[in-house]
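Those sequence lines, one after another, are chains U and A. All residue numbers for the first sequence refer to this note's numbering, where the first residue is 196 and numbers rise by one. All residue numbers for the second sequence refer to this note's numbering, where the first residue is 386 and numbers rise by one.
For the record, the hints were derived by calculation from the structure and aren't laboratory data. Any given hint could be a false lead.
Examples of chain U residues lying across from chain A (beta carbon under 7 Å, computed) [claimed, not checked]:
no., residue
1, Asp-270
2, Ser-351
3, Glu-375
4, Thr-378
5, Ala-379
6, Gln-387
7, Gly-415
8, Ile-435
9, Arg-455
10, Leu-456
11, Asp-463
12, Leu-501
Have a look at the derived ranges for each label pair, beta carbon to beta carbon [claimed, not checked]:
no., chain 1, residue 1, chain 2, residue 2, range
13, A, Asn-468, U, Leu-301, 14 to 24 Å
14, A, Ile-659, U, Asp-200, 48 to 58 Å
15, A, Arg-656, U, Asp-200, 26 to 36 Å
16, A, Asp-592, U, Asp-476, 39 to 49 Å
17, U, Glu-349, A, Glu-504, 58 to 68 Å
18, U, Asp-200, A, Arg-495, 18 to 28 Å
19, A, Asp-632, U, Glu-349, 36 to 46 Å
20, U, Glu-398, A, Asp-592, 40 to 50 Å
21, A, Ala-475, U, Gly-332, 18 to 28 Å
Glycine included, every Cβ here is placed at the ideal spot set by N, Cα and C.
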Amino acid sequence: MPILDVQNLRVRFETHHGVVRAVDGVSFSLEEGETLGLVGESGSGKSVTNLALMGLIPSPPGVVEADAMRFEDRDLLGLSDAELRSVRGNEISMIFQDPMTSLNPLLTVGRQLTEVLEVHERVSRREARRRAAAGLGDVGIPEPERRLDQYPHELSGGMRQRVMIAMGLLCRPKILLADEPTTALDVTIQAQILELMQKLQHEYGTAILLVTHDLGVVAGMSDRVNVMYAGRLAETAGAIELFDDPRHPYTRGLLGSVPRLSGDTDADLDSIMGSPPDLADLPAGCAFRPRCTFETERCAAEAPPLFDLGGGRSSACLERDALGQHHGGAQ
Amino acid sequence: MSAPLLEVQDLHKHFEVGSPGLFGGQREVLRAVDGVSFELARGETLGLVGESGCGKSTCARTLVGLYPPTSGRVMYEGEEISNLSHRDRAPFRRKIQMIFQDPYASLDPRQTVSSILTEPLRIHRLARPRERRLRAMQLLDAVGLNPRHIHRFPHEFSGGQRQRIGIARALALEPDLIICDEPVSALDVSIQAQVVNLLGELQERFDLAYLFIAHDLAVVRHICDRVAVMYLGKVVEIAERDALFDDPRHPYTRALLSAVPHPDPRIERGRQRIVLEGDVPSPLNPPTGCRFHPRCVERGNVAGDRCETTEPALGSRSACHLEAEV
């Protein structure tokens, strides 16, 4: 049984400019110990999906609905605020992109870490402090005892992000929701943090939902990948299959858009034309249609559902078979 | 041989930081750029890469004259421009333009596109007023925007389109050199690819040289002819693009390249990374000797304590004691 099972998640915001459907019918599940990558560009709904799982969508203007949002045997949507608080930061925790705005600048690192333990596990102050220091040590922070008494501004960006990760992992969560955990960091620090997340996942069996726009990070970290576009799933597949043989024109476009460290450099990048649509004013039919090179008349008629392709793969494209053949020769 | 388009000689930019205390305490000196030299030929693209705080942006701002250099020289076609007065510098300002990272912050939200694009022409007294508008429309067309949108304001455009407006503004004065400071790092990948392609196309069309500052090494590899790698205010390696990416010589370049994740799960899962320990040290108090030595994994291969005591010079290619030993 998956540890997390989400069916038909919908999140909409009622704004002055109309209703924005940030997430529009997304279903996925997460198994114990696995990493699921959630990829897409700004506005694709990936971060909103994460926030909805944590019950962090402000209402109003946000409205969250789903046919099911099950964590183990509990329904996350049916939990009271108090029950949700006991899950959040404890059994499901979250790492945000920007550690500068998500750590409290007025509290020492130690206070922020021990608070988590005192709230969720009711341990003594002394015990909480001991475990907080151990947690900092686990994420590779030197002199953890001294760091506990420092404030966030006294730490470098990489150090702060490690504090965030330590905080996220203090209660040994079953699920870690990581939203662009390394985007604000330099590559050498990113490499340290990713390695650390994998090591801790290995030790504790934590399932990770990794939200990122960086296809390199996804390739290295994920077992499976969900690609989102304009609030819906465009494609889901195992990581290797997705990168080898994408079955949605958007995934193909994304893979063609990234420059690489090996291979041809003289050709132009295969960029995707146009820009992502306005979520308050989506085109009829498939939302990707105006930017798609495989478009046919059928695409304008209705938004394609997610078709099961077998082998754990699916694609929301009417031309998915043509796409597969088109790509067939490549390895 | 004619002089290169741009030549930077031993450029330093230091900032005094902190306030002197009540009893006249010492102000500290932050060595943001600490002896950088390179050349750039007409039509060429030189990449300047390195992590946050390595001094790459300060270097760019100093050589366009936004900061006065602490010492060193900037030569444009053999003529020194770093010591010129604001007024004498005007013709050179026309020839060297800049594109910034944040397309939201670098355009005045209260000006129309027309006003943004004609302002440089007005300041430099180029073209007659009525021709300026036509020129602005041609510029929009050149960067792939609709010339009829000339009366719109920046907020009516997406991030990628705004970056195109920034590029059009840089092109307005027909420069020889454009300094691109992280021009695509704020953009989504699909839009980033469009802008990278556009920069390549414009370079060919207008014979532009670029100094391309970025932290994304894959983008740099795609767009640059040569690449300089900076660490703590110094260039540690400079080489032709393929030489640098296929055979990096400086241990820092090697670590930097190995840290970049490849968008390919097969490569990612199989490979060994050089994971550097710790953070970049503070430029207020850089390490003695080689600035990279506290994080260097190859230090053990250099005999004695030279890495700790002697600063390696930038030889034909890299600034490392190992290079000198081979």
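Going down the list of hints, with the structure as the test:
no. : hint                              : result
1   : Asp-270                           : 34 Å, violated
2   : Ser-351                           : 5 Å, holds
3   : Glu-375                           : 13 Å, violated
4   : Thr-378                           : 10 Å, violated
5   : Ala-379                           : 9 Å, violated
6   : Gln-387                           : 6 Å, holds
7   : Gly-415                           : 4 Å, holds
8   : Ile-435                           : 5 Å, holds
9   : Arg-455                           : 6 Å, holds
10  : Leu-456                           : 5 Å, holds
11  : Asp-463                           : 5 Å, holds
12  : Leu-501                           : 21 Å, violated
13  : A/Asn-468 x U/Leu-301: 14 to 24 Å : 48 Å, violated
14  : A/Ile-659 x U/Asp-200: 48 to 58 Å : 40 Å, violated
15  : A/Arg-656 x U/Asp-200: 26 to 36 Å : 34 Å, holds
16  : A/Asp-592 x U/Asp-476: 39 to 49 Å : 41 Å, holds
17  : U/Glu-349 x A/Glu-504: 58 to 68 Å : 43 Å, violated
18  : U/Asp-200 x A/Arg-495: 18 to 28 Å : 50 Å, violated
19  : A/Asp-632 x U/Glu-349: 36 to 46 Å : 40 Å, holds
20  : U/Glu-398 x A/Asp-592: 40 to 50 Å : 57 Å, violated
21  : A/Ala-475 x U/Gly-332: 18 to 28 Å : 58 Å, violated
Hints 1, 3, 4, 5, 12, 13, 14, 17, 18, 20 and 21 from the earlier list are contradicted by this structure; the remaining hints agree with it.
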